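**Student:** Residues per chain, in single letters:
Protein chains: 2
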Amino acid sequence: MRIGILGTGNVGGRLGTKLVSLGHEVKMGSRTAQNPKAAEWAKANGAKASAGTFADAAKFGDVVFNCTAGSVSLEALKLAGAGNLGGKVLVDVANPLDYSKGMPPTLTLCNTDSLGEQIQRAFPSAKVVKALNTMGNEVMVNPGLLTGEHDTFVCGNDQQAKAEVVEILRSFGWKSPIDLGDITGARGLEMVLPIWLRLLGTLKTRNFNFKVVK
Amino acid sequence: MRIGILGTGNVGGRLGTKLVSLGHEVKMGSRTAQNPKAAEWAKANGAKASAGTFADAAKFGDVVFNCTAGSVSLEALKLAGAGNLGGKVLVDVANPLDYSKGMPPTLTLCNTDSLGEQIQRAFPSAKVVKALNTMGNEVMVNPGLLTGEHDTFVCGNDQQAKAEVVEILRSFGWKSPIDLGDITGARGLEMVLPIWLRLLGTLKTRNFNFKVVK
Numbered sequence: 001m002r003i004g005i006l007g008t009g010n011v012g013g014r015l016g017t018k019l020v021s022l023g024h025e026v027k028m029g030s031r032t033a034q035n036p037k038a039a040e041w042a043k044a045n046g047a048k049a050s051a052g053t054f055a056d057a058a059k060f061g062d063v064v065f066n067c068t069a070g071s072v073s074l075e076a077l078k079l080a081g082a083g084n085l086g087g088k089v090l091v092d093v094a095n096p097l098d099y100s101k102g103m104p105p106t107l108t109l110c111n112t113d114s115l116g117e118q119i120q121r122a123f124p125s126a127k128v129v130k131a132l133n134t135m136g137n138e139v140m141v142n143p144g145l146l147t148g149e150h151d152t153f154v155c156g157n158d159q160q161a162k163a164e165v166v167e168i169l170r171s172f173g174w175k176s177p178i179d180l181g182d183i184t185g186a187r188g189l190e191m192v193l194p195i196w197l198r199l200l201g202t203l204k205t206r207n208f209n210f211k212v213v214k
Numbered sequence: 001m002r003i004g005i006l007g008t009g010n011v012g013g014r015l016g017t018k019l020v021s022l023g024h025e026v027k028m029g030s031r032t033a034q035n036p037k038a039a040e041w042a043k044a045n046g047a048k049a050s051a052g053t054f055a056d057a058a059k060f061g062d063v064v065f066n067c068t069a070g071s072v073s074l075e076a077l078k079l080a081g082a083g084n085l086g087g088k089v090l091v092d093v094a095n096p097l098d099y100s101k102g103m104p105p106t107l108t109l110c111n112t113d114s115l116g117e118q119i120q121r122a123f124p125s126a127k128v129v130k131a132l133n134t135m136g137n138e139v140m141v142n143p144g145l146l147t148g149e150h151d152t153f154v155c156g157n158d159q160q161a162k163a164e165v166v167e168i169l170r171s172f173g174w175k176s177p178i179d180l181g182d183i184t185g186a187r188g189l190e191m192v193l194p195i196w197l198r199l200l201g202t203l204k205t206r207n208f209n210f211k212v213v214k
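Residue numbers (this note's numbering), protein chains in the order written: chain A, 1 to 214; chain B, 1 to 214.
Chain A extracted, bound-state conformation (with noise of 0.2 Å):
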């Protein structure tokens, strides 16, 4: 599958060498054609990996992820452009955390919205999936890091969309995510965050993830 990766950071290269390594094709997409994370990354992951902006990895892509910031998300895709968006399946991975008034961040938005939902609005014709905003990127693309069972979550309006995603998730080695419905789920998924934040400073490590427990 040809895949389109928005953002630099440690989640984009993360997933972005994840699926590179299971035989996709990968472009990572960013503000300038020449960012220098992009090319190293680029570089790094073989022929399979390429960079461009994020209007190049977007066209690029049959299924786009947002692994930008969330407090730039909806700028970022914009450049990518809903003409490139259109029709495709656009999982949203980011978290709209605000870092600006000191930590821990607070979100930019939640409760009765969320970024999700904004990105859904923002490009109607885009396939709109939220996942993988609740762990680390470590235990994003490997499950198998922690000990035992534990779980992730995916809502969106399209189903097909969400069976494409899920079939995505569990050649990372996640067995059952667990589908919570339309993207409004989004805001569930994304208030998770401070409890993750707060864990993180109590448990010392980002290796962690919930568990639904019945």
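If you are wondering where the hints come from, they were derived from the structure by calculation, not from laboratory data. None of these values were measured; they are calculated from a predicted model. There may be inaccurate statements among the hints.
[Unchecked claim] In silico BS3-like cross-links for lysine-lysine, where the CA-CA straight-line distance does not exceed 27 Å: (1) Lys-18/A x Lys-214/A; (2) Lys-211/B x Lys-214/A; (3) Lys-175/A x Lys-214/A; (4) Lys-214/A x Lys-214/B; (5) Lys-101/B x Lys-175/A; (6) Lys-204/B x Lys-175/A; (7) Lys-18/A x Lys-78/A; (8) Lys-18/A x Lys-78/B; (9) Lys-175/B x Lys-211/A; (10) Lys-59/B x Lys-88/B; (11) Lys-175/A x Lys-18/A; (12) Lys-214/A x Lys-18/B; (13) Lys-88/B x Lys-214/A; (14) Lys-214/B x Lys-101/B; (15) Lys-211/B x Lys-175/A; (16) Lys-78/A x Lys-88/A; (17) Lys-48/A x Lys-78/A; (18) Lys-211/A x Lys-211/B; (19) Lys-214/B x Lys-18/B; (20) Lys-78/A x Lys-101/A; (21) Lys-48/A x Lys-37/A; (22) Lys-204/A x Lys-214/B; (23) Lys-18/B x Lys-37/B; (24) Lys-59/A x Lys-78/A; (25) Lys-175/B x Lys-204/A; (26) Lys-101/A x Lys-88/A; (27) Lys-59/A x Lys-204/A; (28) Lys-59/A x Lys-88/A; (29) Lys-59/A x Lys-101/A; (30) Lys-211/A x Lys-204/B; (31) Lys-101/B x Lys-78/B; (32) Lys-88/B x Lys-78/B; (33) Lys-214/A x Lys-37/B; (34) Lys-59/A x Lys-37/A; (35) Lys-18/A x Lys-101/A; (36) Lys-175/A x Lys-101/A; (37) Lys-59/B x Lys-37/B; (38) Lys-101/B x Lys-211/A; (39) Lys-175/B x Lys-88/B; (40) Lys-211/B x Lys-204/A.
Guided by the hints, dock chain B onto chain A, whose structure is given.
**Tutor:** Chain B only, in chain A's frame:
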């Protein structure tokens, strides 16, 4: 131990009954001394159970549980009386859910504040510990209801108060409550509610909880 329960709903009733079964004396408080639900609960739970006003219950308890609806907790606690709460462990189990805009409920506050913090600010001499708000009342008092291990959390500004609450949680069957630090941790704990409510819809049971997997 003498325990005051504020609130006559499912949470207050379930916690009160469990605490009586463990040998504590429990007074359930409500707006009026003659609340029929409180009277019925007291009658059903024998000699160690009694009912009264919010103030009666707060005065009675060495430890006081706030089990009122989050939207009216501050008002209920004012009726309980700062003098009756001063110096005591006040376990805040409430969630600031706003049902006024329909289902699912949103939170009346979150992100940069929490009900736990509001209560601590309003009653500075009470030792507020947020606990047990991230699960249904059936699981609160009976963690063995679910298969395998799962987690409960505490946060608050007073270490000794948290230790006392942890002791009570252990008596319910919780093996290792996780300490999330000071009362600002209540933000994360209360912001679990949206995903909890979403999972309630997905799983079609109240009998589930989160485990932190490392």
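**Student:** Does the alpha-carbon distance linking Lys-78/A and Lys-101/A stay inside the 27 Å limit?
**Tutor:** holds, 26 Å
**Student:** Against the 27 Å threshold, does the CA-CA distance of Lys-175/A and Lys-101/A hold or violate the hint?
**Tutor:** violated, 38 Å
**Student:** Below or equal to 27 Å on CA atoms is what counts here, so check Lys-59/A against Lys-37/A.
**Tutor:** holds, 20 Å
**Student:** Against the 27 Å threshold, does the CA-CA distance of Lys-18/A and Lys-101/A hold or violate the hint?
**Tutor:** Status violated; Cα separation ~33 Å.
**Student:** Run the distance test for Lys-211/A versus Lys-204/B: straight-line Cα separation, threshold 27 Å.
**Tutor:** holds, 17 Å
**Student:** For a C-alpha distance cap of 27 Å, please report whether Lys-214/A and Lys-18/B respect it.
**Tutor:** Holds: Lys-214/A and Lys-18/B sit about 21 Å apart, inside 27 Å.
**Student:** Would you check the hint for Lys-59/A and Lys-78/A, treating anything up to 27 Å between C-alpha atoms as holding?
**Tutor:** holds, 13 Å
**Student:** Take a quick look at whether Lys-211/B and Lys-204/A sit within 27 Å of each other, Cα to Cα.
**Tutor:** holds, 17 Å
**Student:** Sort out whether Lys-18/A lies within 27 Å of Lys-175/A, counting only the CA atoms.
**Tutor:** OK: Lys-175/A and Lys-18/A at ~17 Å, within 27 Å.
**Student:** For the pair we were handed, Lys-101/A and Lys-88/A, check the Cα-Cα distance against 27 Å.
**Tutor:** Given pair Lys-101/A, Lys-88/A is violated - Cα atoms ~35 Å apart, limit 27 Å.
**Student:** Below or equal to 27 Å on CA atoms is what counts here, so check Lys-59/A against Lys-88/A.
**Tutor:** Roughly 10 Å between the alpha carbons, so the hint for Lys-59/A and Lys-88/A holds.
**Student:** Lys-101/B and Lys-78/B: Cα distance at most 27 Å?
**Tutor:** holds, 26 Å
Hint compliance for this structure: hints 1, 5, 8, 13, 14, 19, 26, 27, 29, 33, 35, 36 and 38 are broken, all remaining hints hold.
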